[in-house]
Amino acid sequence: MGSPRHSLDGLRPLTEDELSEWEEAYAAVEAYLQALRLRNRLLVAELVRGILWRASARRVDEPEKPARLLAMEEALMEVAEWTQDVLDVPLENRRLAARGRLALLLAGMPDKWQGVFLTPAPWPPAFVEAMKKSYLAAGPRFAALTMVPKPLELNAIGSGAAQWWETMDRKPITRIMFTGALLAIITLIAWFIFLG
Amino acid sequence: METPDLSPPDSGKLFFSRFRTVVRRTLFFGSIVIVNLAATLWLADLFWRMGFQKAHFPLLAVFIVLNGLLVLGSFHAIFGALDMLTGRKRAVRITRLAEGKSGPLAKRHAVVMPVYNEDSVKVCARIEAIYRSIEATGHLDSFDFFILSDTRDLDLWVLEETAWTNLCRRLGGFGRIYYRRRKTNENRKAGNIGDFVRTWGGGYEAMLVLDADSLMDGADIVKMARVMEDYPRLGIIQTPPKLIRGSSVFTRLQQFAMRLYGPLFIRGLNYWQLGGGSYWGHNALIRLKPFSEYCELPALPGREPFGGRILSHDFVEAALMVAEGWEVWLAWDIEGTYEEAPPTLADHLIRDRRWMQGNLQHLWLIFARKLPFPTRMHLFMGIMAYLGSPLWFLFLLLGTWIAWDRFSSSLSQLPFESYVDRWFGFNGVEQSLVLTAFIFLLLFLPKMLAVSRAILVPSIRRSFGGLLPILAGSFLETLVSMLLAPCIMAAHTLMVLSIFLGRAVGWNTQNRETDGTSWGDAIRFHAFPTLLGAAWTALAVNISPVFAAWMSPILLGLLLSAPVSVWTSRARYGKALARHKILSTPEELKPPDVILLADGATAAVDPALDGSAASRRGVIAAVVDPYVNGVHVSLLEQSELSDVDEALAERCLALGPSGVSKNELSELLYLAPAMLLMHRAVWLRPVEGIHSVWTQAVESYRRRLDQTPPPGST
Chain A
1 MGSPRHSLDG LRPLTEDELS EWEEAYAAVE AYLQALRLRN RLLVAELVRG ILWRASARRV
61 DEPEKPARLL AMEEALMEVA EWTQDVLDVP LENRRLAARG RLALLLAGMP DKWQGVFLTP
121 APWPPAFVEA MKKSYLAAGP RFAALTMVPK PLELNAIGSG AAQWWETMDR KPITRIMFTG
181 ALLAIITLIA WFIFLG
Chain B
197 METPDLSPPD SGKLFFSRFR TVVRRTLFFG SIVIVNLAAT LWLADLFWRM GFQKAHFPLL
257 AVFIVLNGLL VLGSFHAIFG ALDMLTGRKR AVRITRLAEG KSGPLAKRHA VVMPVYNEDS
317 VKVCARIEAI YRSIEATGHL DSFDFFILSD TRDLDLWVLE ETAWTNLCRR LGGFGRIYYR
377 RRKTNENRKA GNIGDFVRTW GGGYEAMLVL DADSLMDGAD IVKMARVMED YPRLGIIQTP
437 PKLIRGSSVF TRLQQFAMRL YGPLFIRGLN YWQLGGGSYW GHNALIRLKP FSEYCELPAL
497 PGREPFGGRI LSHDFVEAAL MVAEGWEVWL AWDIEGTYEE APPTLADHLI RDRRWMQGNL
557 QHLWLIFARK LPFPTRMHLF MGIMAYLGSP LWFLFLLLGT WIAWDRFSSS LSQLPFESYV
617 DRWFGFNGVE QSLVLTAFIF LLLFLPKMLA VSRAILVPSI RRSFGGLLPI LAGSFLETLV
677 SMLLAPCIMA AHTLMVLSIF LGRAVGWNTQ NRETDGTSWG DAIRFHAFPT LLGAAWTALA
737 VNISPVFAAW MSPILLGLLL SAPVSVWTSR ARYGKALARH KILSTPEELK PPDVILLADG
797 ATAAVDPALD GSAASRRGVI AAVVDPYVNG VHVSLLEQSE LSDVDEALAE RCLALGPSGV
857 SKNELSELLY LAPAMLLMHR AVWLRPVEGI HSVWTQAVES YRRRLDQTPP PGST
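Residue numbers (the numbering used here), protein chains in the order written: chain A, 1 to 196; chain B, 197 to 910.
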């Protein structure tokens, strides 16, 4: 968090470009914290301020990096490191950063624990416990059964029909000839019944 | 997890004795054959009297089949009524079998709901209601719940994940309610269920299969599970679901008819099928071991539409179980079992197209070895439910041709000798009137029996809102059914033709709610029956006004297809009828607890985890939102990001989700490192570096927090 001891005396005049750049950085960090569903405006303002202070400090050494990038890197790092501390597991890769965010959600952070968000230890034991047991499982332990299709046993008529059907599927000319013959027979019967 | 104790069917005693089964089936089908033969001979005698023509042969042949189906339907209701009246309720009564048993269930059971591009909030609301309903019985520990997704829409996939996570958060359901999405939806719903069985089926004694619109009462589920545990020979318990939540006139007509007339048919069906019942695809409890052993469906000879993968898997699965000696029961007395119906005639017909292809594939199974008689009957009835339409169409065509032939040849009737005249003393007109009256009796007797029962039994009468609503509802239902029948006949005939021409059907999402069919859609959709009706009317009037009058119910139905379709699709007319309790059902007038639970279920909706906001819906939320991204990534398997994948992710960032193909986007959504990379990028990079869809989504969080809707609101 930003230190309250920062004096306004140290402020220097900023150019229009700088103002615009830091405004974008401010907006991004604020949006991210709001995306984490932090509702308290004072808390959000405090956190944004602190993160921007850190970003501005880094800017001295990394002048080529845009303010927004620096600020958001600080924000993401702050959240990742803090959840790592709470969970007490190393967040070695980015996937575990997602695990940290998930833990925040499942622990009920948006509703219950805003006051402790990004604060240093010690944290309320209930909060730590809720964070640690937060996980998602798409299914229980595998308990497989085998399913093997058994071929359809057809009787004599069915087998004959199946053989004929598959032959027609394989040989389009046979199919056309059969369809033609069938239509001719139907026409003949119709002629015999209705006109003959 | 303990391995279930599974008993082979031979170890259990048959619930129904073979003697009783044979007697009942002989009586039921024997009566149908006798009545059908008598009616056919009566008609043949009439034709003989009129002067037999060659065209009478096919007419008579079609009549035997059509009248047989009519008698079959009516006799279900008649035997059902007799079964009710004689009070012989031994035929599978789950409530009685489960009576007096209150201890914990011995085995574990799964509740599975396959979903395909559904509204995830509603799906989760149904799961929540069933969960709470089982919880209220104190047997929740014996059940696990599975949402088995085959959803192809990527946005809906993300919404399912967030809805499920919220549901589990609110209910404390982690480790009890599970969500799984298949990457490829091979073999559709049967494949989805099969995948569950292969992966987790060994952990459970039975699975309760639901549809995405199913709802079941927890106490009834527990009763079914108890009975399943007690009767080791039992393979499937199928419940008869009641239709609920109808708002359009069409749905209300369906749910009223099923609720009022349905019990008679269900009892009649149960009268003869006994342990050889069928499975209707959902709202059924299935023993897993025999299901896994026998119900992996074989491919049929040839290609679709007649061959290939079996579409209507449920009938076949029951058939395979029964063929192996397992019993399939129809739990007619289970009350708390519900589903929803398509909202309009057009949606109903679209669903019918899919079901029809599936049922016509069953033609192969009629020739399968080992299948017992009731199974073949179920398959036959399923096939004829659709082939009956073209046969009816053919019957009407032949009748029209004979009328035209007589008219154009100006032949007078010759005094041929007739048996009916000799034995009963009827003249030709009387003979045809008797046959007509008989047909009408067969058509309307089930309705008359059901309405009489509803009027005479006070509890049923009150449950439908009283005498007047029952009479008005059944009159309206009869009238509209008569108008709809010819349109459905014409539509089914076209569908059968298209299937015979080799056109296979796809797997479309079922429409469960709509604001009604527009006039333009209705005219396009029902163009064939309307034009057919116009041509047929002209021909009938040309033949003779008397013939046109005889044909008028059919012709009117065809001509009015589009207006009736539009009128019945309107929810506002349905609501107007509901205000007067017309077409109301007991579940509408006094909703059962589980329906109220589903109505009030909101656990799946939480603004803290929301993938449905307008500016960041679905896939966009999965990339941008820290929590939605966290949930999505946590559900993915471990994977590495290749250079190709990274390039694809960069392209998606630069061009937006619409700038890559659906398959590419799907691949990205399956890659955890890519989703994390994109999440970081949309927050870190300046506006110029990425597509506006991402920056707008990021910007959308920058609003005053007091605009955030309260938890639980939608």
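Rather than coming from a laboratory, the hints here were simulated on the basis of the structure.
Nothing here was measured: the structure is a model prediction, and the numbers come from that model.
From the three backbone atoms N, C-alpha and C, an ideal C-beta is built for every residue, glycine too.
Certain hints may be false.
DMTMM-like mimics (lysine to aspartate or glutamate), calculated; alpha carbons at most 25 Å apart, straight line [claimed, not checked]:
1) A:LYS132 - B:GLU846
2) B:LYS297 - B:ASP789
3) B:LYS318 - B:ASP789
4) A:LYS65 - B:GLU846
5) A:LYS133 - B:ASP337
6) B:LYS318 - B:ASP548
7) A:LYS133 - B:ASP789
If you want a taste of the chain A side facing chain B, the calculated C-beta under 10 Å gives, among others [said to hold, decoys possible]:
8) ARG59
9) PRO63
10) GLU64
11) LEU76
12) ALA97
13) GLY108
14) PRO140
15) MET147
16) VAL148
17) LEU152
18) SER159
19) LYS171
20) ALA181
21) ALA184
22) THR187
23) PHE192
Hint status (Cβ of A:PRO63 to nearest Cβ of chain B, threshold 10 Å)
16 Å, violated
Hinted pair B:LYS297 and B:ASP789, Cα distance within 25 Å:
Holds. B:LYS297 to B:ASP789 sits at ~22 Å (cutoff 25 Å).
Status of the hint placing A:THR187 at chain B (closest C-beta pair under 10 Å):
14 Å, violated
Given a cut of 10 Å on the nearest C-beta pair, is the interface hint for A:PHE192 held or broken against chain B?
7 Å, holds
Can A:ALA184 be said to touch chain B, with a Cβ gap under 10 Å?
Status violated, d = 17 Å.
Is the hint on A:GLY108 kept, meaning its closest Cβ partner in chain B is under 10 Å away?
8 Å, holds
When the nearest CB of chain B is found for A:LYS171, is that gap smaller than 10 Å?
12 Å, violated
Have a go at the A:PRO140 hint: is there a Cβ in chain B nearer than 10 Å to its own Cβ?
6 Å, holds
Go through the hint on A:ALA181 and say holds or violated, using the shortest Cβ distance to chain B against 10 Å.
For A:ALA181, the interface hint is violated, since the closest Cβ of chain B sits about 16 Å away, which is over 10 Å.
25 Å Cα cutoff - pair A:LYS132, B:GLU846:
Violated: A:LYS132 and B:GLU846 sit about 34 Å apart, past 25 Å.
Just to be careful: measuring from the Cβ of A:LEU152 to every Cβ in chain B, is the smallest value less than 10 Å?
With a minimum Cβ separation of about 4 Å from chain B (threshold 10 Å), the hint on A:LEU152 holds.
Quick check on the hint: A:SER159 CB to chain B CB, less than 10 Å?
With a minimum Cβ separation of about 8 Å from chain B (threshold 10 Å), the hint on A:SER159 holds.
Against the hints set out earlier in the document, violations occur for numbers 1, 7, 8, 9, 10, 19, 20, 21 and 22.
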